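Protein sequence lines correspond, in order, to chains A and B.
Residues in the first sequence are numbered consecutively from 772, following the numbering used here.
Residues in the second sequence are numbered consecutively from 2, following the numbering used here.
It is possible that part of the hints are untrue.
Here are some chain B residues pointing at chain A (derived, C-beta under 8 Å) [what the hints assert, rightly or not]:
#1 A68
#2 F70
#3 A87
#4 P90
#5 I95
#6 F105
#7 F116
#8 R121
List of simulated lysine to any residue pairs, SDA-like, C-alpha gap at most 25 Å [as the list claims (entries may be wrong)]:
#9 B:K101 / A:T936
#10 B:K83 / A:W1033
#11 A:K1046 / B:K101
#12 B:K101 / A:A1068
#13 B:K72 / A:P1019
#14 B:K72 / A:T936
#15 B:K101 / A:P1019
#16 B:K101 / A:L866
#17 B:K313 / B:G353
#18 B:K101 / A:I1018
#19 B:K72 / A:F1037
#20 B:K101 / A:A1017
#21 B:K72 / A:W1033
#22 A:K1046 / B:D146
#23 B:K101 / A:F1037
#24 B:K101 / A:H1039
#25 A:K1046 / B:R148
#26 B:K101 / A:P1013
#27 B:K101 / A:V1034
#28 B:K72 / A:N1032
Hints were generated in silico from the structure; no laboratory data involved.
Since this is a predicted model, take the numbers as computed values, not measurements.
Yeah, the Cβ is synthetic: ideal placement off N, Cα and C, and Gly gets one too.
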Amino acid sequence: MHVRTGGFPVLIMAVACLPAGTGPGQTLSTRHRNAAMPEIPSKDDTHTTFRYPLRWRIMDALNGGLDRFWPARMSPYTGWALIMPALLLVGVLVLGLFEMADNSLHTLDRATFRLSEAYTLENYQTVMESATYGRVITRSVFAAGLTVFFTLLLALPYAYIMVRTTSSAVRKALLVTLFLPFFIGQVVRAYGLLIILGTTGVANNALGLVGIEPMRLLFNFPAVVFGLVQYMLPFAVLMLAPALTAIPRETETAASSLGANWVQGFRHVVLPMAKPGLIGAGLVVGTLALTDFAMPAMLGGGSQDFIANAIYDQFFRTADQGLGAALALLLVVLGSVIVGIVISIFGAGTLGMGNRK
Amino acid sequence: MTDPIAAKENAPRVARDVAVRASHVSMDFGNGVLAVNDASFELEKGRFLTILGPSGSGKTTLLQMIAGFQKQTAGEITINGKPVDAAPPHRRSIGMVFQKLALFPHMTAAENVAFPLKMRRFNPRQIAGRVDQFLDLVRLGGYGDRRINALSGGQQQRVAIARALVFEPDLLLLDEPLAALDVKLREEMQLEFRRIQHQLGVTTINVTHDQREALVVSDNIIVMDGGRIQQQAEPVELYRAPENPFVAGFLGLSSFVDGSATADGNLKVGDIVVQGTSARDFAAGTRVVAAIRAEQIRLAGTSEALGACDMKLEGRVADTIFEGERQMYVVEIGALSGATFRVYHHDPDSFGLFRVGDPVALGWNRRDLKIFSPAA
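Excised from the complex, chain A in its bound form:
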């Protein structure tokens, strides 16, 4: 048998060349492996080129400390420990909700300005029977719907161009434009819109240049929706961008090679594949718009109140905590029902964390 014996003499020589005791804890098998690569000279520990980085030492020390504080046998509970702060936070909110629910079942005694002792559904009855609150609720829902529609309409092309552009300058410009409004609070932005849309504002001046009489652009329903869309756009784009990034460019190329022009490709391939992102963004924008306070307050000028403004009035103007609490709970229920309906029809989109419906 002469099979595969060619390398043996070299191997034995290499083993003989190794310094005695090449390292602590080195077993016969690892020494054998070193010997099988005779072209790599074995190095003294003093000449090693690899130094254990300081960063690693620090991490080791931290790990050691953590092991004492949270021993390995506790590891089954690590998940619970990590979620605890979040549970506490949500728990406090839920407690507050219970408190509010309790409040909503007492009416305000206008003589003492304290809540009545007896439990009653009168506050809910007041809301249901009031035409004003009916209008406020309808207006909030309608405005939220419009805001979702227009925001997605504008955010989709924005996100698409940002994701697909080959020019990094264009992408950076779009990103900066997107993030800039985040540094400016909602109130400041609403105030900016007041200046722009005012009777003597930039918009009316521009219209004046083409001979159109100044018109009232503020303190009406469209102004509020405009403000909301303007406010929500960055959120929607940020939620759509990852969904669009997840669509391989090759699928669009494939669509065009199969005979789809750009519009057909977008309609039949990009849009359905972006659906999870659209649903996720729509849900976030919708709930934020439904519960918004600043835009209707500032751009609506008191004539375009949303539910949040009505709640504010009850708590801080008329000091009717009971009625305010009832309105607040109705808002929570309304929002949950709408979100529930959307999820049951379309699935949770990107908010579903990969669970396809």
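Dock chain B against chain A, hints included.
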């Protein structure tokens, strides 16, 4: 008065039924190197062409230009005699199977196959029948209702093929769709591509870096390197008669020897004249390189044991590599200033005939040692 040259140029060129013609096509991405450099080729109708080359050779760019996803910076591409340079991809009658397949995950297998028919406005009443017919062709009958994610890798390949062929395109392009598959599945799909291509007779251009795939599936092979077409030939001819050292080295396993040309067309290394053959005449003393394939060298313990050979040389075994069905020996020839030759030894009875350091003799016939100009 008619201009005879113009008349000839304007005459319909149907004599050989050319499906695809590229003339002097170049692609300049503006980074100082031409991705495709003056590529010209013709492909007859119904033939299976493979563009073979290492990564970065420009083969994918060439395919993208034929598909219309990129526009060449020079030259012209015609499909069935008509220049297509102005046509966007969706106006070309080209089916393409993509490297990552690019199936539509929100559709079923059948909906994927129906997509090009819908986009190309086929008669809606015929679509269902045609989709079934092509799913049967790729042996996926009954899988039409499956979601793409519920299909195996091989089944997804088949959907992609059906989708690219269902509208009966003039041309089928394959952009390395088999590269990501494991060896067994890849070999199975290679034969499937061949079967389907023969059955439909569709003109096909395949791009790959896998020389075995190119030899197995193609009627015709173009080897590309550095943006240039190195050689276009039928598989056997390409393998037997490479035109330059690159092709000789890219297909099969070749050993190379540097030397100078002799007046009688052989190779001179030091004082030794090595018998070889060349497709062209070199002036004596020109620097040349010679290549010989590993299976064309005979190996024995002594020169006498080699039998009749045009050329015999003695050397020593420098390395032995066991490859399963055969043994490869690396043999160093001291007389050729230490040039090494890689030799396949294919004897089922005597694996490991020689050991490292053993003296051996190599022999070959004159026609098998090819002499080329050195690669630029």
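Taking 25 Å as the top limit, are the C-alpha atoms of B:K72 and A:W1033 close enough? OK: B:K72 and A:W1033 at ~17 Å, within 25 Å.
Do the numbers back the hint for B:F105, that is, is its least Cβ distance to chain A under 8 Å? holds, 6 Å
Against the 25 Å threshold, does the CA-CA distance of B:K101 and A:L866 hold or violate the hint? violated, 52 Å
Does the alpha-carbon distance linking B:K313 and B:G353 stay inside the 25 Å limit? Roughly 22 Å separates the two Cα atoms, so the pair holds.
Check the hint pairing B:K72 with A:N1032 against an upper bound of 25 Å on the C-alpha distance. Given pair B:K72, A:N1032 holds - Cα atoms ~17 Å apart, limit 25 Å.
Restraint status (C-alpha distance of B:K101 to A:P1019 at most 25 Å): holds, 9 Å
Quick one, is the B:A68 hint okay against chain A at 8 Å, beta carbons? holds, 6 Å
Quickly compare the C-alpha distance for B:K101 and A:H1039 to 25 Å and report which way the hint goes. With a Cα-Cα distance of about 19 Å, the restraint between B:K101 and A:H1039 holds, given a limit of 25 Å.
Proposed proximity, B:D146 with A:K1046 (alpha carbon, max 25 Å): With Cα atoms ~21 Å apart, A:K1046 and B:D146 stay inside 25 Å; holds.
Mind checking the CB of B:I95 against every CB in chain A and telling me if the closest is under 8 Å? For B:I95, the interface hint holds, since the closest Cβ of chain A sits about 6 Å away, which is under 8 Å.
For a C-alpha distance cap of 25 Å, please report whether B:K101 and A:A1068 respect it. Violated, because 52 Å separates the two Cα atoms, which is more than 25 Å.
Status of the B:R121 interface restraint (C-beta, 8 Å, chain A): holds, 4 Å
Going through the hint list in order, the structure does not satisfy hints 3, 12 and 16.
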